[in-house]
Amino acid sequence: MNGEAVQTKPVGNAIGAAIVDPAKQSILLAALYIAQEQQGYLTREAVERVAKRLGLRPGEVYSTASFYTLFRTEPVGRYVIQVCDGLSCYLCDGAGRIAGYVGKKLNLAPGETSEDGRFTLEMVQCLASCGTAPAMRVNDQLYENLTPAGIDAILERLMGEV
Amino acid sequence: MLTRDVVTAWTPILLSRVGEPNSEKIGAYLRTGGYEGLRKALTMTPDEIIAEVKASGLRGRGGAGFPTGTKWGFIPKDAPVKYLAVNTDEGEPGTFKDRLIVERDPHSILEGVIIAAYAIGAHRAFVYIRGEFFLGVKRWIKAISDAYGHGFLGKNILGSGFDLDVSVHRGAGAYICGEETAMIESLEGGRGEPRQKPPYPAQKGLWQQPTLVQNVETLANIPHIIRCGADWYSTIGTPQSKGPKIFCVSGHVNRPGNYELPLGVTLREIIEEHAGGVRMGRKVKAVIPGGASTPILTADQLDVPMAFETLQAAGSALGTGAVIVMDETTDMVEVVRRTAGFFVHESCGGCTPCRIGGKRLLETLNAVADGRGTNKDLLKLEELTAGITGITFCPMGTGMCEPVSSGLARFRSEFEARVA
Ligand SMILES: Cc1cc2nc3c(=O)[nH]c(=O)nc-3n(C[C@H](O)[C@H](O)[C@H](O)COP(=O)(O)O)c2cc1C
Ligand code: FES
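Keeping their order, the protein sequence lines are chains S and P. For reference, each letter of the first sequence is one residue, going 0 to 161 in numbering that gives the first Met the number 0. For reference, each letter of the second sequence is one residue, going 0 to 419 in numbering that gives the first Met the number 0.
Bound conformation, chain S alone (with noise of 0.2 Å):
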């Protein structure tokens, strides 16, 4: 599965939202999606966007957005590097060591994004991919197996299409 692309698209939110749903709430989540989509997080505006729409209190649409860590409240970088800091990726010598080499490579601590606002780096939860650990995510691409050599391949090519 290496290397395979996936649309961004939160398509699977446009089919949850074009069939009727019993409550306009059920579609906070996609609405969501859908809104941190152009800036790459949730600006102000479009959260109050998102709460004139469904008729909701913008205070209800923070309160969602807030407990899920994959709505953002603050600019990230264009490439989100996601290295997983799992157990069995810990195992499989990856945490550690493949944070520390893509931190190296990017001049990055997990946590911060670099100053050209390209790239941000975050160790995150089991990726479900123990079966081939250790993995990582850049944006909606996972990268399993990962060897330094795989990361650089993958971090030159990144960097090519900036």
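Rather than coming from a laboratory, the hints here were simulated on the basis of the structure. Hints may contain errors.
Here are the in silico distance ranges between beta carbons for each label pair [as the list claims (entries may be wrong)]:
1) Thr351(P) <-> Gly95(S): 26 to 34 Å
2) Lys104(S) <-> Thr328(P): 23 to 31 Å
3) Phe65(P) <-> Arg156(S): 40 to 48 Å
4) Met158(S) <-> Gly158(P): 20 to 28 Å
5) Thr297(P) <-> Glu59(S): 43 to 51 Å
6) Thr10(P) <-> Asn106(S): 49 to 57 Å
7) Arg156(S) <-> Glu381(P): 34 to 42 Å
8) Glu308(P) <-> Glu73(S): 47 to 55 Å
Covered, in the sense of this in silico footprint (three residues per stretch, anywhere, with C-beta under 8 Å from a C-beta of chain P), are these stretches of chain S [unchecked claim]:
9) 95-106
10) 127-135
Beta carbons are placed, not taken as given, at the ideal position from N, Cα and C, and that holds for glycine.
Please build the complex by placing chain P with the ligands on the supplied structure of chain S, with the hints as guidance.
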């Protein structure tokens, strides 16, 4: 060297398709017996289907192991509106089976969804999928739209008069949303904080209506049970654990991966025969048998059959069937810190013992692991786990304590060596 058990001869049922090219497509599914279970189900009455699933002995594969047919029977027959929610949130560390089925054989789950909905009389099903599963989302949607196209979903399914609509909903990065009542909250657009049980979702679930929540792997068993019968299905497994199970093997083994085997296979056979043994010829030190929230086993417990009742007797649990193998070089204090740390991090903070107790637990573990701890800290860990276990709002708090109490009990000398 111990003598080896006879290796189980096993032809995969649930994973029979996943290795084939284009296995996710409806054409491939139909060519290999797909939707025949549904055709048969639609000739049966809902009660007959529920009776068949009860007789099969199938128990939930999402972690709790509740008898599936019994749960279907709890859904009130006379309720005007009922829902089905499909749990694709797979977040228990070490578990990677549901993602495989969704990505490689989504129709096998969908067929189970339609049969289950028909049996309980639900006309609306919600697929809740972990936000990180991008390919899974795509595969679910494609499978659902192809199923509509073939008349397996929508109005008057295959001329039976039964209607069902299914939609896909992405979670957004919260482990707790795998817990069924938290998932319901999230599907309703709220913060994923668990609800008080009872009432159980079967009585009051989504929008306060009776709701059946079922795991992906559980549902993938249903077409086989209907197609081949409970008599056949219940010959597989042990007295209290029927059927095939997907074991997710990771950690220090030569061939990590998903292995489908009948319940009751020994842990030793899974590790030594199927997963190719421990890497670099080393010895096993510890195994987590059912995902991060199940108690850690030691190397002398490897002959335990992997079944609900036998793992419970061994002081652990089958959980999700996620087998994490650790060799003799593993630092068990670090393993416990990481495992408990995951749950502390993922606590929704809704109840005090989980929120505050978890924080203290992790602080204490950090002190011990970093060599700043004393013997008193080990006592504190015991006190904390005793205090948190069983009293939290949802089972997450207990899950947080299992690695700590089992680690302390079974690998005590490593903890003692770390403290002053
Ligand atoms: C903290 C917590 C997390 C859970 N996560 C999942 C999950 O990711 N997937 C799942 O199927 N069940 C999960 N469960 C179990 C569900 O609550 C529920 O029992 C299950 O979905 C029922 O389906 P089953 O009977 O088919 O197993 C979790 C439970 C708890 C307490
Ligand atoms: S521990 Fe890294 S993918 Fe599961």
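Comparing the hints with the structure gives:
1. Thr351(P) <-> Gly95(S): 26 to 34 Å: 33 Å, holds
2. Lys104(S) <-> Thr328(P): 23 to 31 Å: Roughly 28 Å apart at Cβ, these two residues keep to the hinted range, so it holds.
3. Phe65(P) <-> Arg156(S): 40 to 48 Å: 46 Å, holds
4. Met158(S) <-> Gly158(P): 20 to 28 Å: Between Met158(S) and Gly158(P), where Cβ atoms are some 57 Å apart, the hint is violated.
5. Thr297(P) <-> Glu59(S): 43 to 51 Å: Once the Cβ atoms are compared, 49 Å apart, the range 43 to 51 Å for Glu59(S) and Thr297(P) holds.
6. Thr10(P) <-> Asn106(S): 49 to 57 Å: 52 Å, holds
7. Arg156(S) <-> Glu381(P): 34 to 42 Å: 50 Å, violated
8. Glu308(P) <-> Glu73(S): 47 to 55 Å: 49 Å, holds
9. 95-106: violated (count 0)
10. 127-135: holds (count 6)
Against the hints set out earlier in the document, violations occur for numbers 4, 7, 9.
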